[in-house]
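Colleague: Take a look at the letters that make up each chain.
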Amino acid sequence: MVESLRKQIEELEADVAELEEKIRIKNAKKATTAAQVQARIFLESIFAPYMDGLCDIWGLSPEEGLRVLINENASLDKIAIDNHEALTEFLSQPEIRVITAVAKPLGEVSEEWIKEKTGILIEVMEKIRPELANVIITTPGGQKWFLDSLTGLRNILFGKPQINIEKP
Amino acid sequence: MSTRRKKTETESTPEPIYKGSSVSIDPNLIGRFRRIGRSPLDDELESEDAMIAHEVKSMRVEEMNMKRKARMAKLQKEIDRLEKETEKTDSDDSDIPRISVAMAQQIANLPPDERNKVIETYAAFRSIDQSKGRGDSLLPLLIGYSKTNPGNTQSDMVTYAKAMADQFKTGIDVMKSVMPPPEKASSSTEALKLMKDLIIEGVRNPVLSAIEKNQPQQSAFEQILMNPEMFSRAKEIGMFGNREPRTGSTNVDLEIEKMRGERELSIKKLDLEWRKSLLESEAKDKRTDAVLTALAPLSAVFAGPVNQRMRQFGQQQASSYTPENISPPGNTILIRCSCGYQGPMSFPGPPPDIIKCPSCGQDLVVGGVPSGGEPQKTDRGT
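Going line by line, the protein sequences match chains A and B.
With my numbering, the residue at position 65 of the first sequence is 65, and numbering never jumps.
For my numbering, count along the second sequence from 1 and bump the result up by 1000.
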């Protein structure tokens, strides 16, 4: 009798674990869909205009400018910190203040979360700006540059404390 | 089957308890332990096999006992027969005429008529007088009478034999009165008795002893099973794998139980902590996702301005940061529009006279002054 009950409990636990796994997969899919929408907004409204403006001044195509930045390991936050005056002016703009105020929780996201979103961003970029995605994927250190840039943007936009460590 | 039922009764094994559709077998019969991967049916079949094996063994022991008993009975019968033959020899001793060879030769030397008379007279007297040895002593007298008085009739010989027998009887009586009573047993009887004793002591008793020694001895386990008292005692001390909890736990047991409990608790704690961190991470991700979802309509509202600000920001960054392998751009001008837009704009060559504001699209004159008295466009050619 006890053995039978134990067996039934084990079966129920296995069923529960299976259901939890299904729910997790479903949630992950849902999260992925939402993340793709968010990635699209980021790429269309933030990353692409920034690269366009940058390359307008340099007189290069966005792909060429992106390749130069990757090769020189000049992440977006690095450039912004070098031009602190322009950054302050940018952050003081009303639209940007609204956006950063609403998206303030993004300042708490972990490196892992950003890493996970980087993959999604590249996937979405392949669809809407394949030439830029191709540069990030094919250029050595491209993905690392992209990840460093996103992490840096989190820090400069949402006030994450900067830790300047001199590397030998 | 009858043997099996009988054994079940003698071992006082509890009857199976029926609980609904399942049958509960007394755990004492199946060793009170359950191994991993074995079903109750396996245990039941195994106990049944063990019981059958025990029955077969008992039957074989019984068969051997019976064979030995039959052997014993046969030997006993042989001994009895020998004893009877001995006694018969003793009892039949009086019928055998005790005629010596010399006496027989003298009878044989007599003429046939005389010889017949002597034999017939001797036989007549022997049949009349059954007492042992009395007729035998008469035979020599009859032979002597026949030799000395040849031709006499048989009645004369009988009269003579009768007279001699009476004298013999009288003489024996006189001798009995004078002599001490003779021993009852003869030497032959003694010899037979001695032989009997020898057979009994030398043959029967050793055989019986050997049979006794050759009886199959039961093993300790069989003795325990066959003896109800020993069986119950063995059950009490847990010889058959008693699964019931012991009333008195030892300190070691308690320590082991404590350690097991602590280990289970620590595992549970780790599991809960892991689940907590997972849930916290999930909650944070959900919050972040919710924020990003809220940004979606907001970004739609601010799409134009944010897009413009980002482009302007990029241009500003490009003005301050020039990569090493890029030649500086030809001409860059700073645009200040009445819509509020302000930012640099570069051209590979000389800038056109009129350009469109990147923000509102208004036509701006290069080098002109805005409506507020300030220049709308400033040439910042580098």
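Do not rely on the hints blindly, as some may be mistaken.
[Unchecked claim] One side only, chain A facing chain B, incomplete, derived with CB under 10 Å:
| no. | residue |
| --- | --- |
| 1 | Glu3 |
| 2 | Ile25 |
| 3 | Ala35 |
| 4 | Phe42 |
| 5 | Tyr50 |
| 6 | Asn134 |
[What the hints assert, rightly or not] Computed beta-carbon distance windows for the label pairs:
| no. | chain 1 | residue 1 | chain 2 | residue 2 | range |
| --- | --- | --- | --- | --- | --- |
| 7 | A | Glu111 | B | Ala1290 | 38 to 44 Å |
| 8 | B | Lys1276 | A | Asn73 | 36 to 42 Å |
| 9 | B | Leu1272 | A | Phe158 | 28 to 34 Å |
| 10 | A | Val102 | B | Leu1265 | 20 to 26 Å |
| 11 | A | Asn73 | B | Ser1281 | 26 to 32 Å |
| 12 | A | Phe158 | B | Asp1363 | 33 to 39 Å |
| 13 | A | Val16 | B | Ser1232 | 27 to 33 Å |
Because the hints were derived from the structure by calculation, they are not lab data.
The beta carbon of each residue, even a glycine, is placed where N, CA and C say it ideally should be.
Colleague: Each hint needs a verdict: does it hold in this structure or not?
Modeller: Hint by hint, here is what the structure shows:
Given hint, A:Glu3 at the interface with chain B, holds; its Cβ is 8 Å from that chain's nearest Cβ, closer than 10 Å. The interface hint given for A:Ile25 is broken, as the beta carbon of that residue sits about 14 Å from the closest beta carbon of chain B, more than 10 Å. With its C-beta approaching chain B no nearer than about 7 Å, A:Ala35 sits inside the 10 Å limit, and its interface hint holds. Taking 10 Å as the C-beta cut-off, the interface hint given for A:Phe42 holds, the closest approach to chain B being about 9 Å.
About 4 Å separates the beta-carbon of A:Tyr50 from the nearest beta-carbon of chain B, less than 10 Å, and the hint is met. At its closest, the beta carbon of A:Asn134 sits 20 Å from a beta carbon of chain B; the interface hint therefore is violated under the 10 Å criterion. At about 21 Å, the beta-carbon gap between A:Glu111 and B:Ala1290 misses the expected band of 38 to 44 Å. The hinted window of 36 to 42 Å between B:Lys1276 and A:Asn73 holds, with their beta carbons roughly 39 Å apart.
Between B:Leu1272 and A:Phe158 the beta carbon distance is about 32 Å. The supplied range of 28 to 34 Å therefore holds. Range check, A:Val102 to B:Leu1265: about 45 Å between beta-carbon atoms, so the 20 to 26 Å window is missed. Our hint of 26 to 32 Å for A:Asn73 and B:Ser1281 holds, since their Cβ atoms are close to 31 Å apart. At roughly 38 Å, the beta carbons of A:Phe158 and B:Asp1363 sit within the given window of 33 to 39 Å.
Between A:Val16 and B:Ser1232 the CB atoms are about 48 Å apart, so this pair departs from the stated range of 27 to 33 Å.
Going through the hint list in order, the structure does not satisfy hints 2, 6, 7, 10 and 13.
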